[in-house]
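Participant: Model the full structure from these sequences, guided by the hints.
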Amino acid sequence: MTTAHQAEASRPVHGARAAELIARELPDAVLRRGVAYGEETVWIARERLVEVCTLLRDHADGRYRIPLHVTAVDWPDREPEEPRFDVVYQLRSLQHNDTCRLIVRVPEDDPSVPSLEKVFAGMDWHEREAYDLLGITFTGHHDLRRLLLPADWEGHPLRKDYVSFGEPVAFTHNLEWALPEQERPRDLPGETR
Amino acid sequence: MTALPPVQPPPSRDPLSEQYEHGRDLLGVETGLDSVDLVQLGESTMELNMGPQHPSTHGVLRLVLELDGEIVRQCKPDIGYLHTGFEKDFERHNYQQCIPYTDRMDYLSPLFNNLGFSLAVERLLGIDVPPRAQYLRVIMCELTRIASHLLWYGTSALDLGATTPFVYAWRDREKLLDINELVSGVRMHTSFIRVGGLLADVPDEFYGLVSEVIKTFPRRIDEHELLITKNPIWRERTIGLGVISAEDAMSYGASGPVLRGSGIPYDLRKAQPYSSYDHFDFDVPIGRNGDVYDRYLVRMQEMRESLKILDQAFNHLPDGPVNSSDRRVTLPPRNEINTSMESLIYHFKLVTEGFRTPVGHVYQAVESPRGELGFYIVSDGSNRPYRVKVRAPSFSNLSALPHMVHGELIADVVAVIGSIDILLGDVDR
Chain A
369 MTTAHQAEAS RPVHGARAAE LIARELPDAV LRRGVAYGEE TVWIARERLV EVCTLLRDHA
429 DGRYRIPLHV TAVDWPDREP EEPRFDVVYQ LRSLQHNDTC RLIVRVPEDD PSVPSLEKVF
489 AGMDWHEREA YDLLGITFTG HHDLRRLLLP ADWEGHPLRK DYVSFGEPVA FTHNLEWALP
549 EQERPRDLPG ETR
Chain B
-1 MTALPPVQPP PSRDPLSEQY EHGRDLLGVE TGLDSVDLVQ LGESTMELNM GPQHPSTHGV
59 LRLVLELDGE IVRQCKPDIG YLHTGFEKDF ERHNYQQCIP YTDRMDYLSP LFNNLGFSLA
119 VERLLGIDVP PRAQYLRVIM CELTRIASHL LWYGTSALDL GATTPFVYAW RDREKLLDIN
179 ELVSGVRMHT SFIRVGGLLA DVPDEFYGLV SEVIKTFPRR IDEHELLITK NPIWRERTIG
239 LGVISAEDAM SYGASGPVLR GSGIPYDLRK AQPYSSYDHF DFDVPIGRNG DVYDRYLVRM
299 QEMRESLKIL DQAFNHLPDG PVNSSDRRVT LPPRNEINTS MESLIYHFKL VTEGFRTPVG
359 HVYQAVESPR GELGFYIVSD GSNRPYRVKV RAPSFSNLSA LPHMVHGELI ADVVAVIGSI
419 DILLGDVDR
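Residue numbers (the numbering used here), protein chains in the order written: chain A, 369 to 561; chain B, -1 to 427.
Among the clues, some could well be false.
Unchecked claim - Result set (BS3-like, lysine-lysine): computed pairs, CA atoms no more than 30 angstroms apart in a straight line:
#1 Lys306/B - Lys173/B
#2 Lys213/B - Lys173/B
#3 Lys86/B - Lys528/A
#4 Lys74/B - Lys486/A
#5 Lys213/B - Lys306/B
#6 Lys347/B - Lys86/B
#7 Lys268/B - Lys213/B
#8 Lys528/A - Lys213/B
#9 Lys74/B - Lys86/B
To be verified - Going by beta-carbon spacing under 10 angstroms, a handful of chain A positions derived as facing chain B:
#10 Gly406
#11 Gln458
#12 Val474
Said to hold, decoys possible - A few chain A residues that don't get close to chain B, going by computed Cβ distances all over 10 angstroms:
#13 Ala387
#14 Pro395
#15 Asp429
#16 Val537
No lab work stands behind these hints: they were computed from the structure.
Beta carbons: idealized from backbone N, C-alpha and C, even for Gly.
Facilitator: Now the structure itself:
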């Protein structure tokens, strides 16, 4: 019996077809390529995203017509050397039985990518979810509102700097973090301990 | 069906204006009766709020329907009432602690969530699961698929007024939940599939219960089909309703029976086999028209195919361990701890901090009863996932609902929602 990992090693790399196609047709849109765990990822320039996805959808060698998901991964420690957010797109091609992953990197002060809802109808909700939970804005989206959280929610919970559990407890060393300014004690007993 | 003819602009509601009096004359409202809302009468469409407590929305789905008479002109789903933030929770638990969270997303088919998450982590770690565990995973998953489809069959028939199928479906689903209870101790949130294998090997009673299911269920499914497949009321209410073309279904990211109902034979168990699904012989049923009736037929046929897989997996169930021998993820047996220092260390580390995965990201999809359930896991090398994105099948399938109900009667919206087989725990996560 062949093991799952032998089977995976002998299988063509997922997404290699898409990576080849983009590299052939739009070579200047590709920033980086990487293979890991039998899946190839392509890093795409932000302004070429719509073009790349249209190519993947329509080209006979691609036919990536099913949008699987859109999400983002937050790496706050990466700023300012590299952009903070990885916006991850995953598409599936039924014709070639393949899935591919695209990543667009966006910085903290301008976390926006072009919307793909005109390319795939199903991107509408996925983009709203990514906006809701991670604060990525999709330019050109017709109705970019919060999807899962209430409309008056503050903050974007899946960002790493959003604390989702517990209550801030004030100690002498973290008063500025734990309390709003008007609630901080004016003079503390003893400067430090 | 055409829209109402255009009407005059609504008269002013200021009681002092001449227009107001004129408007009253026009409508024949007697002086002193202020209950008629003149502004409302001037509009040709009406907004209707459906849910989130509506029984046929299968949970807490809210729809804002724009109606022209009885015709749905626009449907805006409002989701998020069951949003629990599981993806954030994953980030502060180690990998084993994440498994029970996955149960609670798609709570009608929890084993698929366990399986998807475990397969993704196993790929990150490079672990192989023993054949017996793979076969038992398949058996438990297919039992769950039948249970999930039975529940769907019962409730969606109930939505359209057929009470009997619901009771019959419940009778059969009990048998499957009993098996869940036997192997894992609980009926729904089993957490039976773990990273590296299973919770434990199955007890001896398991074989009797499963072989009874394999023996009796084909007759039972015939019985279910006898109740509604050729029922004229059911056919009248479902044929030609909620049609979605293959093209649109793909563009919306639909998967599972919704995609197959539109005629696309795509099933991840066949296309990208995992957990030794390539050892089994089964067919992928598809529909022709992409309407509610076709999705019904696809699911009924899928139950029969699941029984075929069950039969093969059960009769060729290999012997052996049900957990990987990789000590990073599996607790060493007691006698090994007594004699080996390394085992003791592994035991201690596994219990106190869990295991660490290599840096990387991986996307693993499984075919759940609702469609493609994917886990995108990003690892930063620690014992907790850095980010988990769950690609929920119900989420994408539900986003096609406005397209499906556009131009249908309001009474049929219920039938279309039922046919997508959404689960709000899965949609909202």
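Participant: For the pair supplied as a hint, Lys86/B and Lys528/A, confirm whether the alpha-carbon distance does not exceed 30 angstroms.
Facilitator: Given pair Lys86/B, Lys528/A holds - Cα atoms ~9 angstroms apart, limit 30 angstroms.
Participant: Just to be careful, I want the Cα atoms of Lys347/B and Lys86/B compared with a cutoff of 30 angstroms; is the pair within it?
Facilitator: 24 angstroms, holds
Participant: For a C-alpha distance cap of 30 angstroms, please report whether Lys213/B and Lys173/B respect it.
Facilitator: 13 angstroms, holds
Participant: Given the hinted pair Lys74/B and Lys86/B, is their Cα-Cα distance within 30 angstroms?
Facilitator: Satisfied, since the Cα-Cα distance of roughly 27 angstroms is no more than 30 angstroms.
Participant: Lys306/B and Lys173/B: Cα distance at most 30 angstroms?
Facilitator: 18 angstroms, holds
Participant: Quick one, are Lys268/B and Lys213/B close enough, alpha carbons at most 30 angstroms?
Facilitator: 25 angstroms, holds
Participant: Holds or violated: Lys74/B with Lys486/A, Cα cutoff 30 angstroms?
Facilitator: Distance of about 18 angstroms is within 30 angstroms: holds.
Participant: Check the hint pairing Lys213/B with Lys306/B against an upper bound of 30 angstroms on the C-alpha distance.
Facilitator: Status holds; Cα separation ~11 angstroms.
Participant: Run the C-beta distances from Ala387/A to all of chain B and say if the shortest one exceeds 10 angstroms.
Facilitator: 15 angstroms, holds
Participant: Any CB of chain B closer than 10 angstroms to the CB of Gln458/A?
Facilitator: At about 6 angstroms, which falls below the 10 angstroms cut-off, the nearest Cβ of chain B leaves the hint on Gln458/A intact, so it holds.
Participant: Val537/A: least C-beta distance to chain B exceeds 10 angstroms?
Facilitator: 18 angstroms, holds
Participant: A cut-off of 10 angstroms on Cβ-Cβ distance, and Pro395/A was said to be off the interface with chain B. Does that hold?
Facilitator: At roughly 24 angstroms from the nearest Cβ of chain B, Pro395/A sits farther out than 10 angstroms, so the non-interface label holds.
Hints 8 and 12 from the earlier list are contradicted by this structure; the remaining hints agree with it.
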